[in-house]
Structure formats: C-alpha cells, structure tokens
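Engineer: Here's the letter readout for the chains.
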Amino acid sequence: MSTPHFDYLDRLEAEAIHILREVAGQFERPALLFSGGKDSIVLTRLAEKAFRPGRFPFPLVHVDTGHNFPEVLQFRDALAAELGEKLIVRSVEDTIKRQRLREPGGKFPSRNPLQTYTLLETIEEFQFDACIGGARRDEEKARAKERIFSVRDEFGQWDPKRQRPELWNVYNGRIQRGENVRVFPISNWTELDVWRYIQRENIALPSIYFGHPRTCVVLPSGQLLGLNEHLRLDETDEIVERQVRFRTVGDSTCTAAVESDAATIDDIIQDLLSAKVSERGATRLDDNISEAGMEDRKRNGYF
Amino acid sequence: MDLLRFITCGSVDDGKSTLIGRLLYDSDSVSLDVLAALENRPTVHGTVDLALLTDGLRAEREQGITIDVAYKYFTTPRRKFIITDAPGHVQYTRNMVTGASTADLAIVLVDARQGVVEQTRRHSLIASLVGIRHFVLAVNKMDLVGNDQAVFDQIVADYAAVADQLKLPQVTAIPISALLGDNIVTRSKNLSWYTGPSLLEHLESVPAFEEAAIGEPRFQVQFVIRPQTDDYPDYRGYAGRIQSGEYRRGERVHILPSGQESVIEAIEVNQQEVDSAAAPQAVVLRLADDVDISRGDSIVPVGSQIHVAKELEATICWMDERPLWPGRKLLVQHHSAVVKAVVSAITYKVNVRTFGRAATESAQLNDIVGIRLKTAAPLVVDSYQQNRATGAFILVDELSGDTLAAGMVEAMQNSFVPEPLGFTI
Numbered sequence: 001m002s003t004p005h006f007d008y009l010d011r012l013e014a015e016a017i018h019i020l021r022e023v024a025g026q027f028e029r030p031a032l033l034f035s036g037g038k039d040s041i042v043l044t045r046l047a048e049k050a051f052r053p054g055r056f057p058f059p060l061v062h063v064d065t066g067h068n069f070p071e072v073l074q075f076r077d078a079l080a081a082e083l084g085e086k087l088i089v090r091s092v093e094d095t096i097k098r099q100r101l102r103e104p105g106g107k108f109p110s111r112n113p114l115q116t117y118t119l120l121e122t123i124e125e126f127q128f129d130a131c132i133g134g135a136r137r138d139e140e141k142a143r144a145k146e147r148i149f150s151v152r153d154e155f156g157q158w159d160p161k162r163q164r165p166e167l168w169n170v171y172n173g174r175i176q177r178g179e180n181v182r183v184f185p186i187s188n189w190t191e192l193d194v195w196r197y198i199q200r201e202n203i204a205l206p207s208i209y210f211g212h213p214r215t216c217v218v219l220p221s222g223q224l225l226g227l228n229e230h231l232r233l234d235e236t237d238e239i240v241e242r243q244v245r246f247r248t249v250g251d252s253t254c255t256a257a258v259e260s261d262a263a264t265i266d267d268i269i270q271d272l273l274s275a276k277v278s279e280r281g282a283t284r285l286d287d288n289i290s291e292a293g294m295e296d297r298k299r300n301g302y303f
Numbered sequence: 001m002d003l004l005r006f007i008t009c010g011s012v013d014d015g016k017s018t019l020i021g022r023l024l025y026d027s028d029s030v031s032l033d034v035l036a037a038l039e040n041r042p043t044v045h046g047t048v049d050l051a052l053l054t055d056g057l058r059a060e061r062e063q064g065i066t067i068d069v070a071y072k073y074f075t076t077p078r079r080k081f082i083i084t085d086a087p088g089h090v091q092y093t094r095n096m097v098t099g100a101s102t103a104d105l106a107i108v109l110v111d112a113r114q115g116v117v118e119q120t121r122r123h124s125l126i127a128s129l130v131g132i133r134h135f136v137l138a139v140n141k142m143d144l145v146g147n148d149q150a151v152f153d154q155i156v157a158d159y160a161a162v163a164d165q166l167k168l169p170q171v172t173a174i175p176i177s178a179l180l181g182d183n184i185v186t187r188s189k190n191l192s193w194y195t196g197p198s199l200l201e202h203l204e205s206v207p208a209f210e211e212a213a214i215g216e217p218r219f220q221v222q223f224v225i226r227p228q229t230d231d232y233p234d235y236r237g238y239a240g241r242i243q244s245g246e247y248r249r250g251e252r253v254h255i256l257p258s259g260q261e262s263v264i265e266a267i268e269v270n271q272q273e274v275d276s277a278a279a280p281q282a283v284v285l286r287l288a289d290d291v292d293i294s295r296g297d298s299i300v301p302v303g304s305q306i307h308v309a310k311e312l313e314a315t316i317c318w319m320d321e322r323p324l325w326p327g328r329k330l331l332v333q334h335h336s337a338v339v340k341a342v343v344s345a346i347t348y349k350v351n352v353r354t355f356g357r358a359a360t361e362s363a364q365l366n367d368i369v370g371i372r373l374k375t376a377a378p379l380v381v382d383s384y385q386q387n388r389a390t391g392a393f394i395l396v397d398e399l400s401g402d403t404l405a406a407g408m409v410e411a412m413q414n415s416f417v418p419e420p421l422g423f424t425i
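Chains as they are written, first to last, in UniProt numbering: chain A, 1 to 303; chain B, 1 to 425.
If you're looking for bench data, these hints aren't it; they were derived computationally from the structure.
Chain B side only, calculated, beta carbon under 8 Å to chain A, not exhaustive: (1) Asp2; (2) Thr98; (3) Ser101; (4) Tyr235; (5) Ala239; (6) Pro280.
Every beta carbon over 10 Å from chain B, so not counted as near; a handful from chain A, in silico: (7) Glu28; (8) Gln74; (9) Ile88; (10) Glu93; (11) Lys97; (12) Arg98; (13) Phe155; (14) Gly178; (15) Ile203; (16) Leu219; (17) Gly226; (18) Leu233; (19) Asp237; (20) Ser260; (21) Ala263.
Just so it is clear, the structure is predicted and the values come from calculations on it, not from any experiment.
Glycine residues also receive a C-beta, built at the ideal position from the N, C-alpha and C atoms.
Could you build all of it, start to finish, from the sequences and the hints given here?
Structural biologist: Below you can see the structure in the form of structure tokens.
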C-alpha cells in the first residue's frame with residue numbers, strides 16, 4: 001500500500017479539527033472567542049470542517065473593546081450571519097460602567113488590559129467551561145509555553161508552574177466547578193502558516209488586512225497608528241497619509257499598521273517572507289512594556 | 001513540504017536552549033525585534049544569550065534554567081520543524097515526557113567535558129519508552145575540549161552501550177558547539193575531522209512521520225454529528241480522527257467495545273465524500289446500519305487484531321507529587337474514552353541508571369513503573385509497541401482532574417480479539 005502524502009498544512013489542519021472535536025466532546029458549555037481577525041476567522045473555517053453539516057456546538061463570542069476597527073466589526077457580523085451561527089457580543093464599555101473601572105490614560109489609551117474583566121464577566125454570565133481562542137505559540141515567548149488545553153482557575157488565572165502535562169494528543173479537559181479551560185487549536189501554527197492556509201482555502205478577510213490609504217499618526221518609534229477618535233494627540237504629532245495594511249487587528253489604539261501595497265493574499269505572503277520583524281513586534285504597542293508583559297497579563301486572566 | 005517534530009534533551013547546562021537559539025538564529029528565523037530585545041540584556045560573555053530565545057517565563061530567566069516545555073517553529077526550504085525544548089532538571093522530568101510524547105526525533109545533548117551522565121541515560125530511556133525512533137547524539141561544547149576527536153569518539157562509544165541496552169533503532173552522532181555554531185547549520189572547519197552532516201542537514205533528511213499512515217486501521221469516535229434539520233433529518237455522522245492506517249468506503253467494520261458490525265457507507269472529509277482516507281486525517285464516517293455508537297467507541301475493520309480488555313499491564317511515568325500506591329482508584333483517559341479504574345499492583349520500578357527492574361511498593365514523582373490496571377469498562381487497545389496512538393493513555397485524578405501519569409500499554413489480560421459475527425448482508 002502506498003503511503004498517502006499529507007503536507008504540513010494538512011497535518012496542522014487535522015490536529016486543529018481533532019482539538020475542536022475534543023472540546024465539543026468534553027465540555028458542557030464551550031465558546032469560540034471570535035474577534036473578526038484572521039486567526040479567529042481561520043478557527044471558524046476549521047469548525048465548519050469539524051462539525052458540518054451540523055451546527056457549531058458553541059456560540060461565537062466577541063469581547064468588543066469599543067476600540068475596534070469598524071471594517072472588522074462589519075465583517076464579524078456578516079460572517080456570523082453567513083455561517084448561521086449564534087454571535088454573542090459583550091462590551092468593555094459596559095464593564096467599565098458596571099465595575100467603575102478607570103479608563104486607561106495616556107496618548108494611546110489601549111483597552112486591552114480591560115478586556116480581561118469583560119471576558120471573565122462573560123464567562124461567568126454564560127458559565128462557559130471552555131473558551132477556544134486563536135492564539136499561537138509563535139506570537140510571544142510566554143505563549144510558547146502554554147498548553148493546548150490550558151486550565152484557568154475561577155479568576156481566570158494561568159499558573160505556568162502548575163500546568164498539566166499534555167501527553168500525545170490526549171487532551172485532559174477535566175475541571176472543577178468555576179474553573180475553565182482555554183483551548184488553542186492553532187497553537188502550532190505560525191503567522192505564515194495561517195496566511196498559507198487562508199490562501200489555500202480561499203478564505204475571505206476584512207479589508208484592512210490589504211494595502212489601503214489611511215491617515216496615520218507617526219509614533220516616536222516610527223510605527224504608524226491609524227488615526228481614530230480615541231487617540232489623544234498633541235499638536236506636534238506628525239499626521240501622514242500612507243498606503244498601509246494591518247498584520248493583526250486588535251485594539252485600534254495600540255495596533256500599528258505596516259506600510260504595504262499588498263493587494264492580494266499572495267502579495268501578503270511575499271511581504272511576510274521578506275519581513276524581518278515579528279507580528280507583535282511590528283504592531284503591538286503594549287507587549288513591550290516589560291519583558292514579562294504578556295506572561296503577567298496571562299497570569300491575570302488575559303487570553 | 002513535510003513536518004518534523006523533534007525534542008532536545010539532556011542534562012541541565014548541556015546547552016539545549018542555546019542549541020535551539022542557535023538553530024533559529026543561524027537559519028534566519030529570529031525576527032529583528034526579538035533579537036533587539038535580547039541584545040538589550042546584559043550578558044556574561046558579551047555576546048547575545050541565545051538561550052533566552054526559548055526560556056520565556058520570568059522564573060526561567062531569573063534562574064537561568066528551563067522549567068517547562070517551550071515550542072518553537074522554523075522552516076527551511078525543505079521542511080517545517082516544530083521544536084520542543086524540554087527541561088533538563090530531574091524535578092521537571094514530567095515536562096520532558098510531555099515534550100517527548102509528540103516527537104519524531106530526539107536530540108540527546110551531551111557536554112563534551114562531562115560525557116554520558118545519569119540524565120543522558122534517563123532522557124534516552126524516556127525518549128525510547130515513548131517510541132521515538134530517530135536519535136541524534138549531539139556532543140556539545142567541543143570547543144571546550146580543543147575540538148578533540150578522541151573525546152568525541154569516547155562519548156560515542158559510551159553512548160553506544162546505552163543505545164544497545166535500549167535497543168534504539170537509529171543513532172547519529174554529531175560533534176557540535178552550540179555557542180559558536182559549529183556543525184549546527186553548516187559544517188565547521190574547527191571540526192574538520194568530522195565528515196558527516198551538520199545537525200540541520202541531518203534534520204532535513206531524516207524520514208518524517210512514516211509509521212502512522214501504514215499501520216493497521218484505527219479510528220475512535222470523538223463526536224456524533226446529528227444536525228436534525230430539514231436538509232439532514234436522518235444524518236448521523238461519527239466524527240473523529242484516523243489514528244493509524246487507511247479506511248475505505250464499503251469496508252465491513254466492528255464497533256467496539258460492543259462488538260456490533262456494520263459497513264462504512266461513506267467517508268467524508270470537509271463534507272466531501274471520498275473513497276478512502278488515512279491517518280492523520282480528521283474525517284466523518286457514516287455507517288450502513290443504525291447502530292448504537294457514542295464518543296469513545298472504536299470503529300475498526302472486521303479482522304483487526306485489536307484487543308478489548310478490562311485488565312491491562314502498562315508502563316507509566318508517575319507525574320504527581322503524591323505517591324501512587326496499589327489500590328488507588330482513578331480515571332483512565334484513552335483518547336476520547338474515559339473509564340474508572342483501579343491500580344491493582346505495581347509490578348516493578350525501572351532503575352534509570354541501569355535500566356534494570358526492581359520491586360517497589362509505590363511510585364514516587366517521576367518514577368517509571370510497571371502497573372496492573374483493572375478498568376470498570378472495557379478499553380479498545382493495542383500494545384504501545386504495536387501502535388503509538390491506541391497504546392497510549394493518561395491517568396487522571398477523578399476529583400481534581402489533574403493528569404497523574406503517562407501510560408503505555410504493554411499487555412492485556414483476559415482480553416479478546418473480536419471475531420466476525422459470521423453472517424453476510
């Protein structure tokens with residue numbers, strides 16, 4: 001018998017579908033965290049492959065910072081409607097009011113740290129016992145340490161020293177009441193893998209991933225931030241018109257654009273192959289606060 | 001392009017993290033921003049500390065050791081690699097087992113000044129236990145022994161004894177300096193007496209992932225898809241991943257452990273019907289008959305030499321701080337199947353220095369022991385030797401949910417191999 005050939009994308013896909021089905025099999029009330037960004041869009045495609053012709057055994061859940069890009073929110077709603085799946089949206093704005101949280105200060109008032117509060121509230125509201133996310137281990141050094149099934153305590157905290165051993169592809173999702181599991185089906189994918197998969201599967205994406213003209217603020221680091229109403233600018237700030245695209249679509253106050261003419265997915269892949277700066281390094285303003293910035297936020301319940 | 005998963009193992013300070021850092025760095029896989037963050041850190045030698053590329057936790061950087069497994073990725077024109085950087089400390093052996101369980105190849109690092117030490121033996125044992133087939137003996141820090149071929153030859157000879165005892169299928173020895181980059185990506189002039197491949201050349205050429213797809217067909221149900229919609233009123237699909245071998249439409253199958261028989265009516269991949277599918281594909285099987293099947297059941301071709309057993313002998317690596325004593329009740333998770341069980345006996349403990357077996361009354365953290373296990377419901381298993389997927393299980397604490405042990409089936413007691421019911425449709 002000849003051995004069928006599967007390339008690495010086939011293997012990564014099969015692994016991710018297997019993980020999604022384990023979530024469906026092991027948990028009572030899972031959710032898929034869906035931001036409208038490329039990684040969570042890929043997760044919805046994988047969920048289709050895992051569960052069609054049935055419905056997804058979980059709702060899509062978006063924690064809306066209020067600082068999202070409008071193009072992404074439109075895409076989010078359109079995709080949820082097209083899939084015919086339930087979309088739950090909870091907003092950081094409401095959490096700020098309810099819990100009387102202090103809005104972040106500074107010129108670039110990122111709400112990323114506040115997302116955690118809304119996420120934990122949402123988990124409590126719906127009693128979610130598993131939250132599927134599109135995080136990848138190649139994104140950041142603390143992420144590189146995380147298991148695919150990552151057990152969090154009732155405060156959503158991650159304790160890197162007490163992680164369960166994760167053996168073979170046997171995923172242990174057994175938890176006690178109040179705990180939840182964060183599940184990362186595309187842990188082993190890199191940014192380039194995600195784009196190659198999008199290319200192979202011909203997956204539609206929000207327009208801001210492609211090169212487009214945008215009015216931007218030039219940061220002292222040289223990075224470009226799309227101009228929006230949440231930024232608190234000084235008169236001396238340099239405003240420019242540039243052809244840009246986004247490599248990641250988080251909070252618009254801390255997610256920088258990269259200059260690019262890329263009009264197609266093929267162009268983006270060419271861009272990436274020659275890129276010398278990592279996705280987060282190029283685009284996130286909040287990871288570099290301290291060397292353990294991501295680890296500390298994850299310990300506190302951040303996704 | 002194909003995929004190779006490998007693990008680095010060896011004792012603390014043998015340079016595992018530096019080696020990975022060097023592989024990433026020399027293969028041009030480190031982004032400038034990540035490198036800049038490293039360059040901002042003060043270093044002892046005045047050079048960039050490549051180990052910091054993998055030691056991602058605050059406690060690891062504070063202590064300068066690896067505590068938990070890190071996964072790193074890089075791609076060459078020939079292959080995509082997933083690197084598992086596992087800790088070397090004895091106290092983190094369970095994390096090393098975690099890393100080894102998914103690897104196709106193990107790089108066993110030895111410090112040229114120290115030679116083969118206890119951790120070399122311990123890690124080689126674990127890597128061989130979990131069924132890794134390809135071993136690289138990487139003799140590191142050759143620069144610190146004057147790049148002396150005699151030192152290398154002695155270590156290779158010492159390790160040959162280990163490989164022989166463990167019956168390691170394939171060992172390739174390479175002299176390297178991770179710190180200087182000698183023989184990592186390119187062959188080094190400093191070690192001109194060595195004529196074999198560089199580490200990366202070897203990693204690019206070793207055969208990857210050949211076993212699963214050609215083994216006996218094995219499939220376990222993860223989830224039953226029942227849309228119950230107007231379009232699909234009677235649709236019932238068994239979703240799961242082919243664990244090994246190949247499945248074909250029209251094949252007669254056993255549903256185990258119940259023993260019912262049916263025929264594969266359709267195999268679906270991404271909602272497309274296909275004639276056949278093979279490991280590691282995620283598929284949906286539909287059967288000709290309305291049989292009772294649920295999550296955890298296995299579907300295998302009639303005539304498969306698979307065992308249905310309630311009593312198993314297994315080798316386990318105990319991973320809990322609290323020791324294991326005979327009589328302990330716990331859960332066995334065999335992929336999607338979870339059953340209650342009791343450890344009826346601990347039959348031996350492996351001495352990691354000699355690989356010999358000795359009697360023991362209990363298993364302590366990181367011990368490798370043989371056990372007898374009685375389960376409340378039958379499991380559908382192969383020996384681990386026969387099948388790395390269906391011979392593997394974990395032990396789980398019923399209350400806390402903690403993973404207690406990695407288990408590998410050695411033998412089955414009072415088991416039966418299902419026979420065809422002997423009628424035709």
